[in-house]
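If you read the sequences in order, they're chains F and B. Position in the first sequence (first residue = 1) + 237 = this note's numbering. Position in the second sequence (first residue = 1) + 237 = this note's numbering.
Any given hint might turn out to be false.
No distinction is drawn between identical chains; accordingly, a pair holds when it is met within one copy or between any pair of copies.
DSS-like mimics (lysine-lysine), calculated; alpha carbons at most 30 Å apart, straight line [said to hold, decoys possible]:
hint: 1; residue 1: K375; residue 2: K456
hint: 2; residue 1: K402; residue 2: K300
hint: 3; residue 1: K300; residue 2: K454
hint: 4; residue 1: K436; residue 2: K300
hint: 5; residue 1: K402; residue 2: K436
hint: 6; residue 1: K447; residue 2: K386
These aren't lab readings, by the way, just hints derived from the structure by calculation.
Protein chains: 2
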Amino acid sequence: MSRSVEKKRPGRPEGTGDNASERILDAAETEFSQNGYSETSLRIIARQAGVTQALLSYYFGSKQGLYESVFMRRSQAIVQEREESLAELFSRKKTPQVEDVVRAFLKPTVVLRETEEGRRFLRLQARLHTEPLEVAYKLREAAYTSSTKKYIEALARVCPELSDKDVHWKMVLMIGAYLYAFSDNHRLDEIAPNICDLKDTEEILEQITKFVSAGIKAK
Amino acid sequence: MSRSVEKKRPGRPEGTGDNASERILDAAETEFSQNGYSETSLRIIARQAGVTQALLSYYFGSKQGLYESVFMRRSQAIVQEREESLAELFSRKKTPQVEDVVRAFLKPTVVLRETEEGRRFLRLQARLHTEPLEVAYKLREAAYTSSTKKYIEALARVCPELSDKDVHWKMVLMIGAYLYAFSDNHRLDEIAPNICDLKDTEEILEQITKFVSAGIKAK
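Chain F with its partners taken away, still in its complex shape:
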């Protein structure tokens, strides 16, 4: 779906190289996450990245192409890490626990929250379902659905007593619980000022894993 970055094409304009494409992606991530898709202009992104609009178009084509590249850059890193952890868990002699599967799922995004760039991407993702463009859904599906299905299978293996319907519900409720806690710090601060520390990665991972694992096991 995303156009491959740093592709060498004949006649590329001056200014390529020097991590220009990464700078464009960073600037675009900032703008899209702050202002949403429709309020963001390529002109401003180019200016923030210190490149010409011609160079931006050379790398990413349209605004939609750029948005896709921004989204896929980090979502594919998350997905890869999730799938590697899952494969590692099931390669062990002992069947993994529910908690192991939940932690493998959560870990890459919890870690992402530790950096400013990571938080930027999580904000972008939190806005995704309010974006008016149909492309947003296709993008999310392309990015995550296959990996989410692997986790549904994994949950069904570690909780064989659950029905197919139960496992799907639990997956959806897990995604909702962690996404909300991650994307909406402001609300947690309103509800629990100075009580819950959203900067403490271990606390977050521990609290969400405990809550979600018990929810998954409930019959």
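Based on these hints, arrange chain B on the given structure of chain F.
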């Protein structure tokens, strides 16, 4: 915060009465939930409601005043029902179970999902934290925070073994789980097509209550 509706003021323009203010609120809810705050114009709302812009301004003042009235209309109905249920639970001789408290919290929004207007409001609310305006946060705080705190107290009473920090985390994760399942049907259809039925109110209430109650009880 919201200006009282149907207030009789001297010199009100023709066209008042006849549920005009309700029609305006309905049209505004539709527009705001579909297009967000900044993309919505009072002109279009007035046209959809079949009133003049003068009448709209007479009732609600500015766009912000109208947005607040739209938000407060249904959120205050939710809050009132939640608080009445809670008072009823704790007026009984037997201490309520976690499940009772969770169900009392979820019920008003689950019921709201049964009507087109209710779903419209839930979409509006789901967009709230991506709205760029600072007023959105103040509005949510004004609408919900006092009632949310009553539920945190109630959870602490029915789960005395939990720490203060735990109870706050669990409240946030409960809100995240149900909001996501409610506001983003599209994602549930992608993940679980024809498996989870988001039109079945009993199924929803049962699945979320089971998951969330077990999560809350987990130590």
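Each hint tested on the structure:
no.: 1; hint: K375 <-> K456; verdict: neither (33 Å within a copy, 39 Å between copies)
no.: 2; hint: K402 <-> K300; verdict: neither (39 Å within a copy, 43 Å between copies)
no.: 3; hint: K300 <-> K454; verdict: neither (43 Å within a copy, 47 Å between copies)
no.: 4; hint: K436 <-> K300; verdict: neither (33 Å within a copy, 36 Å between copies)
no.: 5; hint: K402 <-> K436; verdict: between (35 Å within a copy, 14 Å between copies)
no.: 6; hint: K447 <-> K386; verdict: both (22 Å within a copy, 22 Å between copies)
Checked against the numbered hints above, the structure violates hints 1, 2, 3 and 4; every other hint is satisfied.
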